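Asker: These are the residues of each chain, in order.
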Amino acid sequence: MKNIKVFLTLALCIVMLVGCAKDNKTGEVQPTQDKESIITPEPTEEVKDPVSDTPAEEETVPAEKIDIRIAALKGPTAMGMVQVMDHAKKQETTNNYTFTIAGAADEISAGLIKGDFDIAAVPCNLASVLYNKTEGQINVAGINTLGVLYIVETGDTIHSVADLKGKTIYSTGLGTTPQYTLNYLLTSNGIDPEKDVTIEYKTEPTEVAAILSEATDAIAMLPQPYVTTVMMNNDRVKIALNVADEWDAISTDGSSVVTGVVVVRKDFLEANKEAVDAFLSEYVASASFVNESVEEASVLVEQFDIFKAAVAKKAIPLCNITFIQGDEMKEKMSGYLTTLFDQNPKAVGGKLPAEDFYYIP
Amino acid sequence: MKFRRQCKKYGVKILVLCFWLLLWEILSRVVNKEILLAPPIAVIQTLGRLSMSLSFWQTILFSSARIILGFLLALILGIAMAILSYRSRIFFELISPMMKVIKATPVASFIILALIWIHSKNLSILISFLMVLPLIFTNILQGIRSTDGKLLQMAKVFKISWNKKITAIYVPAVIPYFISACSVGLGFCWKAGIAAEVIGLSTGSIGWRLYEAKLYWMTKELFAWTIVIIIISILFEKLVMQLIKLIDIRGGDPQ
Amino acid sequence: MKIQVVDLSKRFDQNQVLKNLNITFTDGKVNCVMGVSGVGKTTLINILMDLIKQDTGEIHGLKGSQIAAVFQEDRLIEHLDAMKNIQLVCDKTITEEVIEQEFRLVGLEEYKNKPVRELSGGMKRRVTVVRAILAKSDLIIMDEPFKGLDEKLKKQVMEYVRIRTIGKTVIIVTHEKDEVQALGGELILLTQDKKPE
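Residue numbers (our numbering), protein chains in the order written: chain E, 1358 to 1718; chain D, 15 to 269; chain B, 766 to 962.
Take these hints with a grain of salt, some might be off.
As the list claims (entries may be wrong) - Quick list of simulated restraints, FRET-style, between CB atoms:
1. D:Ser-175 - B:Ile-824: 23 to 33 Å
2. D:Asp-262 - B:Gly-886: 19 to 29 Å
3. D:Trp-71 - E:Gly-1523: 55 to 65 Å
4. D:Gln-256 - B:Gln-781: 20 to 30 Å
Said to hold, decoys possible - The calculated lysine to any residue pairs, modelled on SDA-like cross-linking and capped at a C-alpha distance of 25 Å, are:
5. D:Lys-173 - B:Thr-860
6. B:Lys-942 - B:Ile-931
7. D:Lys-164 - B:Gln-831
8. B:Lys-933 - B:Gln-779
9. D:Lys-259 - B:Thr-807
Said to hold, decoys possible - One-sided excerpt, in silico: chain D residues whose CB lies under 7 Å from chain E:
10. Leu-51
11. Val-212
12. Tyr-230
13. Trp-231
These are calculated hints, taken from the structure and not from any lab test.
Nothing here was measured: the structure is a model prediction, and the numbers come from that model.
Think of the CB as a built atom: it goes at the ideal place given N, C-alpha and C, for glycine as much as any other residue.
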């Protein structure tokens, strides 16, 4: 008798498990917080010009500012928004912005998924991963940083990508985008990354810096701001190639090296399109400001705990800080993502994102 | 009768497993975001899919071989050092503090320091070795010391040869300590070895797959690989315990 | 070769256990050492077996000797069976059949393949006695070998020992006078102050 009981309970459990599992695919995303839906501007007119600073609707002037929580990675991709951060502190922005500068991308990703952040500056491929893994709940609104990778050397032998043939290159980022970017660059210039060069991947940029300080003819690939810090500590190191420029030179599909993008949660975007557009235009202004007034911007960069001002001052001009939206964004990004996808589909989340990934205001 | 009892025993185990799986399923539906907590069926499906690829098995072999190697090295060296410490006071006094330090140092410190000297590929050998060595040393030494002095006296009087002494008197005394050290050490070395692979980014290893799953938010794969690690750890422990059982029976045989 | 103890002294902390002890043991005979508890019997034989060192005095006649012993505690390998325990101390000439035969003489034949830990106190004792008898030796030392045996069994084992030790030099530590008689041994009495031969 006891045996039958055990068997029945067993069978019941298994049936429940299997039965339950089927439904999971249609599980719904958690609803966003209530606060945002209080003020929902009516989308009667479409605003094509992103430079406009004021919301297009005069009829529904927001009675109160809404809160937008924005996250950024501590690094070059955060520098472009320092003016927005400054204005937000002084309450001069369209809405209330709270910024979180995170040390690692995981924190931002988790926050976006859970709904703790509304907008975030993340690495380009991560945006695609999140889009895929959340089944379209994350959209990209703009590119904020193009290429930050540079080939540096302590000698004077590299003047073109072809010169890298037969050499040893030290780099970081094994199994991640720098590797794929470099591989693409090499193959597009007729160099086999496996056979024609030796690429030694280290875990930390400091290890690469150490090698550069010892050897007289070492070649390395590093991202900003490490290039700047290494050069500040070792005057024998010079920039040989700008990876982004070299990519653009051989690019046939309008793609570029895209390092950082700004993403927004889809349901937040749908509920607060006006506010998001406002933020984006403020960002455009901020990016221009950072590129034009490097000194002032560096002070802000240090103030908001991103980098030391001295490093920022040298690095900003080399970080390709920008804000590109719309079709140009889509063109540059989709090409870059395709290159990544060709080398490792996992790097973009398993498949290339569809049209609805790109938010074109 | 025995068959029914066996059925009941396994039946209960399966029931318990189903209970926890159900709980997991419920939790994942509460969280309702696969990317944060993947549900069990999806994970099992992913596991099934992964197990079809050759690289899956190659990865398992990569990590297992290294961690097991580390464990075996610790076993051999640990036993040797224990025997030497038993015979020589000086050796014991020299070795003992080193063992204490290794035991007290956090795994992460070892990993970071080790990466300076060795290639990340072989990191897990060193780390699992370091985890297990002090354990084996301490336990085996204790076991040898716990040998019945009276039996040793008897052996001295009867002038029993040293190899008979070892198999009939020392080994049976040491075996319980050995078993205890092994069962604890096995769990340790797996956990520490995989952690080393994750922190050290050893390509081709299970740890690397975990890191990659985290990097690209492949939550199902993350859970799937974790299950793989758990299964291997359990299997490995069972295997070693079986092997020890064999020695145990023979360990008592003087001829 | 006469076994002799000359001016043997041994002290443990404050306790002078043996003081200038002089004994000559008779060759080829059973020497029964008797005395009250604490008088030093076990200490004496521990010194003879070279398990502890005396403070002063000499032992003659034991150099290079092989000793077989029955200890106060059984000192058997618990997880091995009775047969294997005997085989552990004997050489290959003592075959299984020989051991079986001995076991029969002391009533242990049914238990020869049982692990020793499963045997009763009296059975274990008998195993240790057989072990001492069968092991190759120049001297057999037995420390209270019949302890824990009931009347009937004791008679049987004592007779076994008597027969088996004919012509051998044996030193037996005992409390009981009747054992001395049954074994046909020489009595050596140890007392507190007077330590006669």
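Asker: For each hint, tell me whether it holds in the structure or not.
Answerer: The hints, checked one at a time:
| no. | hint | verdict |
| --- | --- | --- |
| 1 | D:Ser-175 - B:Ile-824: 23 to 33 Å | holds (25 Å) |
| 2 | D:Asp-262 - B:Gly-886: 19 to 29 Å | holds (26 Å) |
| 3 | D:Trp-71 - E:Gly-1523: 55 to 65 Å | violated (36 Å) |
| 4 | D:Gln-256 - B:Gln-781: 20 to 30 Å | violated (57 Å) |
| 5 | D:Lys-173 - B:Thr-860 | holds (19 Å) |
| 6 | B:Lys-942 - B:Ile-931 | holds (20 Å) |
| 7 | D:Lys-164 - B:Gln-831 | holds (18 Å) |
| 8 | B:Lys-933 - B:Gln-779 | violated (37 Å) |
| 9 | D:Lys-259 - B:Thr-807 | violated (39 Å) |
| 10 | Leu-51 | violated (11 Å) |
| 11 | Val-212 | violated (12 Å) |
| 12 | Tyr-230 | holds (5 Å) |
| 13 | Trp-231 | holds (5 Å) |
The earlier numbered hints that this structure contradicts are 3, 4, 8, 9, 10 and 11.
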